[in-house]
Each structure stands twice: as structure tokens, then as C-alpha cells.
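**Q** The chain contents come next:
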Amino acid sequence: MSTNSPDRIRKVSIIVSRGSLDGVYPGLIMANGARMEGIEANLFFTFFGLYAVMKGYQDKIRIATVGNPAMRVPDAKGFPLPTLLGALPGMSAFATRMMRKEMEKLDIPPVSEFIEMIHDAGGRIYACKATVDMFHLKPEDFVPQVDKVLTVGEFYELSAGAQIIFT
Amino acid sequence: MAQKNIAGHTVDVDAEGYLTRPEQWNRAIAEALAQELNLQLTDAHWKVIEFLQSDYRERGTVPGMRRLNKVGGFATKDLYALFPDGPIKKAALIAGLPKPASCV
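Chain order of the listed sequences is P and W.
Under the numbering used here, think of the first position of the first sequence as 35, with each following residue one higher.
Under the numbering used here, think of the first position of the second sequence as 1159, with each following residue one higher.
Source of the hints: derived by calculation from the structure; they are not laboratory data.
Quick reminder that beta carbons are idealized off the backbone N, C-alpha and C, glycines included.
Among the hints, a few may not be true.
[As the list claims (entries may be wrong)] In silico lysine to aspartate or glutamate, DMTMM-like type, Cα no more than 20 Å apart, as pairs:
1. K1228/W <-> E74/P
2. K1235/W <-> E150/P
3. K1228/W <-> D141/P
4. K1257/W <-> D141/P
5. K1162/W <-> D1172/W
6. K1235/W <-> E147/P
7. K45/P <-> D1243/W
8. K89/P <-> E150/P
9. K1235/W <-> E71/P
10. K111/P <-> D56/P
11. K1228/W <-> E136/P
12. K1228/W <-> E147/P
13. K1228/W <-> D93/P
14. K1228/W <-> D56/P
15. K1235/W <-> E74/P
16. K1228/W <-> D1170/W
17. K1257/W <-> D1170/W
18. K1228/W <-> E1208/W
19. K1235/W <-> D56/P
20. K1228/W <-> D181/P
21. K94/P <-> E136/P
22. K139/P <-> D1213/W
23. K1257/W <-> E71/P
24. K1235/W <-> D154/P
25. K139/P <-> E1216/W
26. K1235/W <-> E136/P
[Unchecked claim] Among the chain W residues that face chain P by a calculated CB cut under 7 Å, a handful are:
27. W1183
28. R1224
29. R1225
30. F1232
31. T1234
32. K1235
33. A1239
34. D1243
35. G1244
36. V1262
Whenever a hint applies, use it, and build me the whole structure from the sequences.
**A** Here's what the structure looks like:
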């Protein structure tokens, strides 16, 4: 099978730096997909991406309806959502709910469940020390799937031989 | 379409070795395909294979990890323990089903 070819990817380190729904999910899908292909996967959460691994915040991740010029309503081929409307209270929550419904149909899990799935699949999950210090966070602020709070140096060490993907 | 001789049967396979005609599948073929992946099938493996086959018959697509968790009742960890490095791909191949086509 093609999984034995010498130039196949064997290890990835995926950095999740953003805290919006579209900032978090691509990294999770890539990490999970890597494990499903027998590829070693490290996930490194930094800046607002950290909310994906913080207790009580994981499933509150939302889509930005402001500052998102590609956002269309009522669906992907609809009309561009004017910034002023996007700013109305509840718009972001509403758009997030719509998107979640579509994801549910495709069996894409909520963030908390997805992190658990990746961890159970053998993917390793790390939080960025600089951000943890900057946000005044403590180890108990994170879900149990977080293996360690890492410095950038440690991140590079454990990424030896890996492709590094920044999202 | 490539053919492959396995466990005394000739079967049609695609470029990656997935059976293209599920009706050609049988348990002896599954055992032989598993051996090629260095797996010895146990009852636990068979439960997964049988779930994949019945779910595929019902929905026409190989289930993803979440469906295996929620509907099949298999834990992610156990699936990776049974079929290391790519549980659904390997189980689908052994089950005589197409390569999984979903991203999750």
C-alpha cells in the first residue's frame, strides 16, 4: 500500500493560533485525519487557539460574523452579510448554530469531543507557555487531554522530523 | 481493474487493494487480508468488521470515527488498539469495503 512509500508524511505538528470556529476546526480535522492515516500528530495551541482546550470554553467557540468578508447568508452561495448586520447581538451565535447543525450531519464532533477523540487516537496536545503566562492561566484551567504546557523550544524539539503546519 | 489471488480466491481490487466487489468477500479472504496488515483477527476485530459491513449496507458509506463511537459503541482507543495506525482504513479493507471517503 502507498503507506509504505519512503516520502510519505510520517509526523505533523499542527499549531492552532486562532479562537474562532473556522480557526480551530481545520487544525483538529487535520490532526485527527493524520492519526487516521497512521501519521504521528502533535497539536500545539497558542494565543486564542487555547480556548479549544480550556475547561468551560471549548464548546463556546463561534464563527466571526464581523470582519469576515466571505460570510454569506443564508448559505454558502447566498448574499454577503453586511458588516453592520453581522454586528447585531446574537448574529454570531446564530451563524454558529447553523454551522454546527451542518457539522453534526457530517459527524464532525463538538470541540470538546473532538479533542478527546484526537487524544484517544494517540495525538498529543500541548498548550503554549508564553500564552499561558500572558493570559494568567493555570494547569487546572485546561481539559485533562492537555499533555503539557510547552515552551517554543520544547515544541521544536518534539517536532523533530515533523512537518509543521500553522493554522 | 486489477485482480488479486487471495486465500485461494480471485478477487477484483482497486489500486490500493480495496475489494471492488463486496460479494466476492468471505471470512477466509478477511483473515488473509488481515495477515497482510500483520493483524490476527480476534472476536473484537470481527465485531468492528461486522458493524462496518452492516452500516455500509444500510447507508452506502463507510462510517466515520464518531459513528463508530456513538452508533457502533466502539471506543476510539480500542479501535486504534485493534487496528493500529489507521483503524477505519484497515478495518474497511479487511471488511471488503471501499476506502473511507469522509474527512472525519
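**Q** State for each hint whether it applies.
**A** Hints, verified against the model:
1. K1228/W <-> E74/P: violated (25 Å)
2. K1235/W <-> E150/P: Given that 20 Å is the threshold and the Cα spacing comes to 10 Å, the pair holds.
3. K1228/W <-> D141/P: holds (10 Å)
4. K1257/W <-> D141/P: Holds: K1257/W and D141/P sit about 18 Å apart, inside 20 Å.
5. K1162/W <-> D1172/W: holds (10 Å)
6. K1235/W <-> E147/P: holds (13 Å)
7. K45/P <-> D1243/W: With Cα atoms ~12 Å apart, K45/P and D1243/W stay inside 20 Å; holds.
8. K89/P <-> E150/P: Answer holds: K89/P to E150/P is near 13 Å, not above 20 Å.
9. K1235/W <-> E71/P: Holds, because 15 Å separates the two Cα atoms, which is no more than 20 Å.
10. K111/P <-> D56/P: Within the cut-off at roughly 18 Å; holds.
11. K1228/W <-> E136/P: holds (18 Å)
12. K1228/W <-> E147/P: holds (11 Å)
13. K1228/W <-> D93/P: holds (19 Å)
14. K1228/W <-> D56/P: Violated - the C-alpha atoms of D56/P and K1228/W are around 25 Å apart, more than 20 Å.
15. K1235/W <-> E74/P: Between K1235/W and E74/P the Cα gap is close to 15 Å, so the pair holds against 20 Å.
16. K1228/W <-> D1170/W: violated (32 Å)
17. K1257/W <-> D1170/W: holds (14 Å)
18. K1228/W <-> E1208/W: holds (16 Å)
19. K1235/W <-> D56/P: Between K1235/W and D56/P the Cα gap is close to 27 Å, so the pair fails against 20 Å, i.e. violated.
20. K1228/W <-> D181/P: violated (25 Å)
21. K94/P <-> E136/P: Roughly 17 Å between the alpha carbons, so the hint for K94/P and E136/P holds.
22. K139/P <-> D1213/W: OK: K139/P and D1213/W at ~16 Å, within 20 Å.
23. K1257/W <-> E71/P: Since the Cα atoms of K1257/W and E71/P sit roughly 12 Å apart, the hinted pair holds (cutoff 20 Å).
24. K1235/W <-> D154/P: holds (5 Å)
25. K139/P <-> E1216/W: holds (16 Å)
26. K1235/W <-> E136/P: violated (26 Å)
27. W1183: This interface hint is violated because 18 Å lies over the 7 Å limit.
28. R1224: holds (4 Å)
29. R1225: Nearest chain P Cβ about 6 Å off; hint holds.
30. F1232: violated (11 Å)
31. T1234: holds (4 Å)
32. K1235: Because about 5 Å separates K1235/W from the closest Cβ in chain P, which is inside the 7 Å limit, the hint holds.
33. A1239: violated (10 Å)
34. D1243: Result: holds, 3 Å to nearest chain P Cβ.
35. G1244: holds (4 Å)
36. V1262: holds (5 Å)
Checked against the numbered hints given earlier, this structure breaks hints 1, 14, 16, 19, 20, 26, 27, 30, 33; the rest are met.
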